[in-house]
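Mind docking chains C and R on chain V? Use the hints.
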Amino acid sequence: MKKIEAIIRPENLDGIRIALQEKGIIGMTVSEVQGRGRQKGVCLQWRAGEYCIEFLEKLKLDMIVDDKDVEPAIAAITQVAKTGRNGDGKIFIYPVEDVVRVSTGERGKEAI
Amino acid sequence: MGLKIPKMRFKHIFLAVILLAVLTNGAFAAEEPKIDTGDTAWVLISTALVMLMIPAVGLFYGGMVRKKNALSTIMFSFAILALISVQWVLFGYSLAFGHDVAGVIGNLDWIGLNGVGQAPNADYAATIPSMAFMMFQAMFAVITVVLITGAFVERIKFSAFLVFSFLWATLVYDPVAHWVWGAGGWLRNMGTLDFAGGIVVHVSAGVSAVAIALVIGARKGFGKHTMEPHSIPLTVIGAMLLWFGWFGFNGGSAVASGGLAVNAFVVTNTGGAAAALTWMLLSWYHKKPSVLGTATGGIVGLAAVTPASGFVTPLAAIVIGSVAAVISYYAMLFRMKRNIDESLDVWACHGIGGAWGAIATGIFATTLVNPAGANGLLYGNSGLLVTQIIAVAVTWIYAFAVTFILAKVIDVTIGLRVGEEEEAVGLDVSQHAEKAYS
Amino acid sequence: MKKIEAIIRPEALDAVREALEEKGIVGMTVTEVQGRGRQKGVCLQWRAGEYCVEFLPKIRIDMIVDDGFVEPAIEAIISVAKTGKSGDGKIFIYPVEEVVRISTGERGEQAI
Chain V
1 MKKIEAIIRP
11 ENLDGIRIAL
21 QEKGIIGMTV
31 SEVQGRGRQK
41 GVCLQWRAGE
51 YCIEFLEKLK
61 LDMIVDDKDV
71 EPAIAAITQV
81 AKTGRNGDGK
91 IFIYPVEDVV
101 RVSTGERGKE
111 AI
Chain C
1001 MGLKIPKMRF
1011 KHIFLAVILL
1021 AVLTNGAFAA
1031 EEPKIDTGDT
1041 AWVLISTALV
1051 MLMIPAVGLF
1061 YGGMVRKKNA
1071 LSTIMFSFAI
1081 LALISVQWVL
1091 FGYSLAFGHD
1101 VAGVIGNLDW
1111 IGLNGVGQAP
1121 NADYAATIPS
1131 MAFMMFQAMF
1141 AVITVVLITG
1151 AFVERIKFSA
1161 FLVFSFLWAT
1171 LVYDPVAHWV
1181 WGAGGWLRNM
1191 GTLDFAGGIV
1201 VHVSAGVSAV
1211 AIALVIGARK
1221 GFGKHTMEPH
1231 SIPLTVIGAM
1241 LLWFGWFGFN
1251 GGSAVASGGL
1261 AVNAFVVTNT
1271 GGAAAALTWM
1281 LLSWYHKKPS
1291 VLGTATGGIV
1301 GLAAVTPASG
1311 FVTPLAAIVI
1321 GSVAAVISYY
1331 AMLFRMKRNI
1341 DESLDVWACH
1351 GIGGAWGAIA
1361 TGIFATTLVN
1371 PAGANGLLYG
1381 NSGLLVTQII
1391 AVAVTWIYAF
1401 AVTFILAKVI
1411 DVTIGLRVGE
1421 EEEAVGLDVS
1431 QHAEKAYS
Chain R
2001 MKKIEAIIRP
2011 EALDAVREAL
2021 EEKGIVGMTV
2031 TEVQGRGRQK
2041 GVCLQWRAGE
2051 YCVEFLPKIR
2061 IDMIVDDGFV
2071 EPAIEAIISV
2081 AKTGKSGDGK
2091 IFIYPVEEVV
2101 RISTGERGEQ
2111 AI
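Residue numbers (our numbering), protein chains in the order written: chain V, 1 to 112; chain C, 1001 to 1438; chain R, 2001 to 2112.
Just chain V, same shape as in the assembly:
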């Protein structure tokens, strides 16, 4: 089992959700986060002059999947989220040791 963590542009959420659903990945957690990377921050206006924000608004998707679903998930996310410009986001893959479904007590793959 792996954890897939994708940082995406907020406007791509629905497209990605649908693309993942087509690959059979339904469960996920969405958080509003702020991020910075190659894409620069943005400068906004104060009453006179301006101030700059170093972090931009992004969404983070967390999902725990079976090993075999990792590459399809990466493909689905990339296919929707890729514009080729800085700021498209990143995908991180982590190992997961165990999963428990709270409602039933199921463990491991059963609980995904």
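A few of these clues could be false.
[What the hints assert, rightly or not] Which stretches of chain C does chain V cover? Using the computed rule of at least three CB atoms under 8 Å from a CB of chain V, they are:
1. 1046–1056
2. 1288–1302
3. 1325–1334
[Said to hold, decoys possible] Cβ-to-Cβ under 10 Å is the rule here; a few derived chain R residues that face chain V:
4. 2028
5. 2032
6. 2049
No lab work stands behind these hints: they were computed from the structure.
Idealized CB from N, CA, C, for every residue including glycine.
Using the frame of chain V, we list chains C and R on its own:
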């Protein structure tokens, strides 16, 4: 028949009451000026309008600070409303408008509003009860102190803030109000024109803001880290409510309901509008049409047109407002460049806006608008301009000096500033044990 | 590659960001979280009386770095976020299996 007797009795009593009323009314009329119900109604409504400006400043400022200081910033205006309302009734009104002592201060004859009753006082407003005038002026005293709070948001100790506000109203506002508006006040005798407080309210607050900002010092991280306004919608709501209340602030300063009040009403709206438009264009020229900038411009224009509103024409108001926006915009940039953390630009908005407005009154005033006023430079009288400049300069120096000393004294005695950790978690939790949003 | 997850005081964010930047770590994701640990909650006032909040506002910073950056990053964070009192936060390190940069499709260390 048994019913008819009481009917007759009522008729007689009724006639007797009317007769009595006519007689007594006539007797009073011979001794005192007559109260005008229309004037009284307008001044009471204006008083309520100005009262609304007080929480409006709280919202206006509250939106520009960080989330962790939103409540504390709004609390400043509420606390001052309560504090200075009491100060005003106890002795503030007497100091500002009481019987003159050497042109510089009122005496304490009217302490606790002793002698300030339902009869008019012809020195200030001949057709309304003097209590109505007192209450209208109370709101001016409150809002002036409230304006200064923009200078020290996010770092002042609440106890020090209360002491400062109380003493500032007593040592700066009351004397300056007396000089300019009090019967016998030396600037008033010199011929200074300040219709609704460009000098008394805006210059005194704006200059004092710089003085206390210099004493209290910059917020931690100022100039280094981003301090993002947490809710511009809150600020815009505040600006709109201020604009609304300003009709009472300036229109009510006619202390009568008539042509002059209407002129002030029109000029006020026009000056604010011209400045908002100018500021919007300025921000557009530099980047994009800014919402925060447009709201700020409106307030600057309203402040600038305040001293002039009872003396100038609507066309003059367009010039006054537009110029105010330009000067204030660059004053704000200048303040930032100097790295002075006068946090919400009370000086750039009110100090500069009010000073320009008072000087502009010396240029654009005309007796065609207000026969009780004077002509300005454009109408062939250069003397008024000189008078106005002197009044602004004197207020500038006095307010700065007294506020600076007052702030220093509070700083070395009880301390102006919260501790570093209290500042870091924000004043909402550290000073009030409350949170704005949860 | 490792994931560094740091829970810090909100007011330390700007300084932490700068300290990390000096070590060459630019990309990160910031999330507003609520946490509890040794630092107790705080009691706030109701109109009369009070209520206690058990969780305090904290900031979580997530960053994925090359193994060699882990210790410098920890040092940088501690150097500015440490006050010595309870509530300074914690730093967690996790293994990361894969990273994908969405805009280019790059993988692994190239994508950090």
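Status of each hint after checking the structure:
1. 1046–1056: violated (count 0)
2. 1288–1302: holds (count 5)
3. 1325–1334: Contact hint for the stretch 1325–1334 of chain C vs chain V: holds, 4 residues under 8 Å.
4. 2028: holds, 6 Å
5. 2032: holds, 8 Å
6. 2049: This interface hint is violated because 33 Å lies over the 10 Å limit.
Comparing the model with each earlier hint shows violations of hints 1, 6; every other hint is respected.
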